[in-house]
Amino acid sequence: MDFNLFEITPSKYLNGLLIFIFFLIIAKIIDIFVTKTIKDAVSRTSWEFDDRIVEIIHYPLFFTILIAGILETTYYISPPMNISFYVSGVFKSLGVIIWTIALYRLTSVFMEALPAKIAFFADAEKELAPLFENLTKVVIIGAAIMALLSVWNKNITPIVASAGIAGFAVAFAAKDTIANFFGGISVFMDKPYRIGDYVVLDSGERGAVVAIGLRSTKMLTRDEVLISIPNSIMASSKIINQSAPKSRFRVRVPIGVAYGSDIDKVEELLIDIASDNKYVTKKPIPRVRFRSFGGYSLEFELLAWVIEPKYMGRVVHIINKEIYARFAKEGIEIPYPKMDIYMKE
1 MDFNLFEITP SKYLNGLLIF IFFLIIAKII DIFVTKTIKD AVSRTSWEFD
51 DRIVEIIHYP LFFTILIAGI LETTYYISPP MNISFYVSGV FKSLGVIIWT
101 IALYRLTSVF MEALPAKIAF FADAEKELAP LFENLTKVVI IGAAIMALLS
151 VWNKNITPIV ASAGIAGFAV AFAAKDTIAN FFGGISVFMD KPYRIGDYVV
201 LDSGERGAVV AIGLRSTKML TRDEVLISIP NSIMASSKII NQSAPKSRFR
251 VRVPIGVAYG SDIDKVEELL IDIASDNKYV TKKPIPRVRF RSFGGYSLEF
301 ELLAWVIEPK YMGRVVHIIN KEIYARFAKE GIEIPYPKMD IYMKE
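Those letters in the sequence shown? Residues 1 to 345, by this note's numbering.
What the hints contain is simulated information worked out from the structure, not anything from laboratory work.
Incorrect hints may appear among the rest.
Unchecked claim - Simulated crosslink set (DSBU-like; lysine-lysine; CA at most 35 angstroms straight-line):
hint: 1; residue 1: K338; residue 2: K246
hint: 2; residue 1: K246; residue 2: K191
hint: 3; residue 1: K218; residue 2: K310
hint: 4; residue 1: K191; residue 2: K154
hint: 5; residue 1: K265; residue 2: K310
Unchecked claim - Estimated spans, in silico, between C-beta atoms of each pair:
hint: 6; residue 1: A244; residue 2: R289; range: 21 to 27 angstroms
hint: 7; residue 1: V210; residue 2: R250; range: 39 to 45 angstroms
hint: 8; residue 1: R44; residue 2: I21; range: 18 to 24 angstroms
hint: 9; residue 1: G295; residue 2: R248; range: 42 to 48 angstroms
hint: 10; residue 1: F293; residue 2: P245; range: 35 to 41 angstroms
hint: 11; residue 1: I145; residue 2: I185; range: 23 to 29 angstroms
hint: 12; residue 1: I263; residue 2: Y324; range: 54 to 60 angstroms
hint: 13; residue 1: K329; residue 2: A244; range: 37 to 43 angstroms
hint: 14; residue 1: G295; residue 2: Y324; range: 19 to 25 angstroms
Note that the coordinates shown come from a computational prediction; the quantities given were computed from them, not determined experimentally.
Glycine residues also receive a C-beta, built at the ideal position from the N, C-alpha and C atoms.
Given only the sequences and the hints, what does the whole structure look like? Please build it.
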């Protein structure tokens, strides 16, 4: 039998075969380690996604080592340049394809798992998580195409330049959409508000955030009017979040009583009225402050913490009604401006 194919000695073929067998053994050892040790370890954890991650990277690791063995064997045997080029190109391309598929599948697993671990994704509207997943997959496929072209020594400079020009044109045409997109990213990263928070905009509108989307944030006012604000505006404007850092919100109820009133009794009544309100928190407790001596009344202020900002108007309404009724019952006068007119005869 003629072993002198491509003028390669039989010993080189034999040594090349030994090199390949060595890599095959290493690949099998790692395969067994992943199958037995790592899989058993992750199967005992409470996180379900690690089993799927190990399952996905299991075969790519095995074939990567196997391909490395083939390439190393080819390099050692040193066949003619054209044969070496095509063998190397085919198996490198195979490696790129295998890992592209693995990364593509891993992206889906991570995007499914991240909402449970990271608040950024947990707060994202349903349309945003798939967007990140699709963008990541597009990047993976684009990188794979570039890698394949590089493997076969194709010049990718014109492709990159064309993509850059096309990207610039698209960015210029859709600058408002892109501004809203990055505004949405900024909102999710900084988290100035979340769905359900009660916010006050720089323009004066107030309401509860009902949706945070890719292009805009939607807010429902107390008048049941839905307002849609572009995220570029939300990211660059001052926003007062009355639900953060805690959901409770303090209301101030000013009240004036006539001079000569029992100020201790006034304070006691105001605290009782606030404490009896079901929308007022028990901690912190309501407080009363004697603010000033007015022109015709003693100025007090009742401070009470409401369980949620959306109840503040209702609480002030109920407390004012109770103050009027209780003060009338206890004989505490609520003065009003009076003017005495003297007519000169």
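The hints, checked one at a time:
no., hint, verdict
1, K338 <-> K246, "violated, 43 angstroms"
2, K246 <-> K191, "holds, 14 angstroms"
3, K218 <-> K310, "holds, 16 angstroms"
4, K191 <-> K154, "violated, 45 angstroms"
5, K265 <-> K310, "holds, 31 angstroms"
6, A244 <-> R289: 21 to 27 angstroms, "holds, 25 angstroms"
7, V210 <-> R250: 39 to 45 angstroms, "violated, 24 angstroms"
8, R44 <-> I21: 18 to 24 angstroms, "violated, 35 angstroms"
9, G295 <-> R248: 42 to 48 angstroms, "violated, 34 angstroms"
10, F293 <-> P245: 35 to 41 angstroms, "holds, 36 angstroms"
11, I145 <-> I185: 23 to 29 angstroms, "holds, 26 angstroms"
12, I263 <-> Y324: 54 to 60 angstroms, "violated, 18 angstroms"
13, K329 <-> A244: 37 to 43 angstroms, "holds, 39 angstroms"
14, G295 <-> Y324: 19 to 25 angstroms, "holds, 21 angstroms"
In summary, the numbered hints that this structure violates are 1, 4, 7, 8, 9 and 12.
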